[in-house]
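Visitor: Protein sequences, first through last, are from chains A and B.
Here the first sequence stands for residues 1 to 306, numbered as in the UniProt record's numbering.
Here the second sequence stands for residues 1 to 306, numbered as in the UniProt record's numbering.
Source of the hints: derived by calculation from the structure; they are not laboratory data.
Don't take each hint at face value.
[Claimed, not checked] Covered, in the sense of this in silico footprint (three residues per stretch, anywhere, with C-beta under 8 Å from a C-beta of chain B), are these stretches of chain A: (1) 45–52; (2) 145–157; (3) 171–178; (4) 224–237.
[What the hints assert, rightly or not] Just the calculated beta-carbon pair ranges, DEER-fashion: (5) B:Phe18 to A:Pro220: 51 to 59 Å; (6) A:Arg306 to B:Gly217: 50 to 58 Å; (7) A:Pro220 to B:Ala40: 29 to 37 Å; (8) A:Asp114 to B:Asp127: 39 to 47 Å; (9) A:Gly150 to B:Gly33: 27 to 35 Å.
Because the structure is a prediction, the values reported are computed rather than measured.
Glycine residues also receive a C-beta, built at the ideal position from the N, C-alpha and C atoms.
Number of protein chains: 2
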Amino acid sequence: MTHAAASGIDSGPVTSPFDIEDYLRRVSGRVDGHLRRIAADQKRQRPARLAEAIEYALLGGGKRLRPALVLASCEALGGDPGDDGLALRFALALEMIHTYSLVHDDLPAMDDDDLRRGRPTVHKAYDEATAVLVGDGLQSLAFRHLLGTGDPRAAALAALLADGALRMVQGQALDIGAEGRKLTEDEVLELMAAKTGALISAAVVGGAIAATGSPRGLEPVGRKLGLAFQIADDLLDLTGDAAALGKRVGKDQAAGKATLPSLVGVDEARRRAGAACDEALAVLAPLGAPAEALRALARFVVTRKR
Amino acid sequence: MTHAAASGIDSGPVTSPFDIEDYLRRVSGRVDGHLRRIAADQKRQRPARLAEAIEYALLGGGKRLRPALVLASCEALGGDPGDDGLALRFALALEMIHTYSLVHDDLPAMDDDDLRRGRPTVHKAYDEATAVLVGDGLQSLAFRHLLGTGDPRAAALAALLADGALRMVQGQALDIGAEGRKLTEDEVLELMAAKTGALISAAVVGGAIAATGSPRGLEPVGRKLGLAFQIADDLLDLTGDAAALGKRVGKDQAAGKATLPSLVGVDEARRRAGAACDEALAVLAPLGAPAEALRALARFVVTRKR
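Whole structure, please, built from the sequences with the hints as guidance.
Guide: As structure tokens, then:
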């Protein structure tokens, strides 16, 4: 290690001293701790095999980007995303919805994947019926966790969660319907907005609602980051490293799936992801210092390698 | 037609002048109308195939017993289960959760059924991936419908719904784990309480919460009716008519599934269903005339032929 690196001088661009990797590490640690407690609580109920499979699915790693967006968005609007707060409950619920979608997405009848985050998928590690039930149960568990404290303020967030979850399913169905035929650019954008954009967007808006009771103008930030995230995901599938990603790459091409990079080219797709990120940053600029983490996450969404 | 039948003298037992078939017909008509509107709303969104499959699943008939229990329970406690009210929204949400569970239950990886209510199951009429997504989407849609109006009172009902849905999944998992091995009577009762009892129970308790903001002592009624309903279901599978039921009979025996009738005999199982019904009726007796429909439903649960 050079002296410069040790002293931190070269540790990031001058305009962004915020350590996003450290932030994400801290959020994951916290989210994983809570998910572990939720899974342990499930394991006190029967049957054990379902509870173990739920734990296996929930604690399989992952960047916990959606929870990070919820907490950072809450902070950005002056909220305190402390332990047991509404923002944290929403963050965990959103991650459970995301996790359920991965479990079902991997099923033989869907994407038929054997590997997820470097481990056997749930239907491989257990069986297909258990994987169906793990997904179903995680969706219920998400709503139960969010609503279980009896806090009436959770109603608006649960409605947002349900809406995002439904749009995600519509996106999956668009994706399945698209296999084997050529989508237009508009169709690809519609698919992206639903399949991935809906939950990313719900994360940003949900953090704002948890902090202030309203979306407070963050809807476009959610939409832009959702778009940027999915373009980055498609670029990583084309150009990324399977080991770093913990999943197969080149899947979209192999499945004949149209993505934005496949339609407009890698460079143009990269430019559009950057532009979407910049538009989100422009909306966040007036929020000043409290939005520092959210702005760093917006940049991470497009620059990430995993 | 004899004169006596035409004049209605023989149309029911003297102690129960309440026309439960007519009540159920009116509830189904109302529930079907609302579900049709919900499905039509989905069909304004894309993709069309998912929306059509959701409509196919939602409007496949069914007794609408759970919605009837919600509305009757609400009435029993002096509530007005009018159009667009909280009880009606909960009733529809509960029926959507029930419908999703049937769609997933019929999947090849689960019970592998080709027929449901006399029609091809969703994965037969469409395909397996669509059936997974229809179930997933219906669960989200249930919560969205219940919470979508922004009524904070919906939070408690959505928590109840989530809890019932999760217990139902645990019951399904217990059921799958039980195949091929002999369950004890306690295990069978546990399985029944979770797999079917949870939603039946949620229906009764949810109606009370919609009417008064609290379960108002109706939890035991929900539990007893859930037990009675499942025993009746198992008896119909053993002795019922496939045409009237719209599904295969003798399934449990063929699959080697332990049921209460298979463990204790048909007569004893029938006696226990009757006793559970009587216990529910005893709790409901002090509620008087407003609980007439709920008491008639309690009797229907054990006397039904479909």
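Visitor: Run every hint past the structure and note whether it holds.
Guide: Hint check:
no. : hint                             : verdict
1   : 45–52                            : holds (count 5)
2   : 145–157                          : holds (count 9)
3   : 171–178                          : holds (count 5)
4   : 224–237                          : violated (count 0)
5   : B:Phe18 to A:Pro220: 51 to 59 Å  : holds (56 Å)
6   : A:Arg306 to B:Gly217: 50 to 58 Å : holds (54 Å)
7   : A:Pro220 to B:Ala40: 29 to 37 Å  : holds (30 Å)
8   : A:Asp114 to B:Asp127: 39 to 47 Å : violated (21 Å)
9   : A:Gly150 to B:Gly33: 27 to 35 Å  : holds (32 Å)
Hints 4 and 8 from the earlier list are contradicted by this structure; the remaining hints agree with it.
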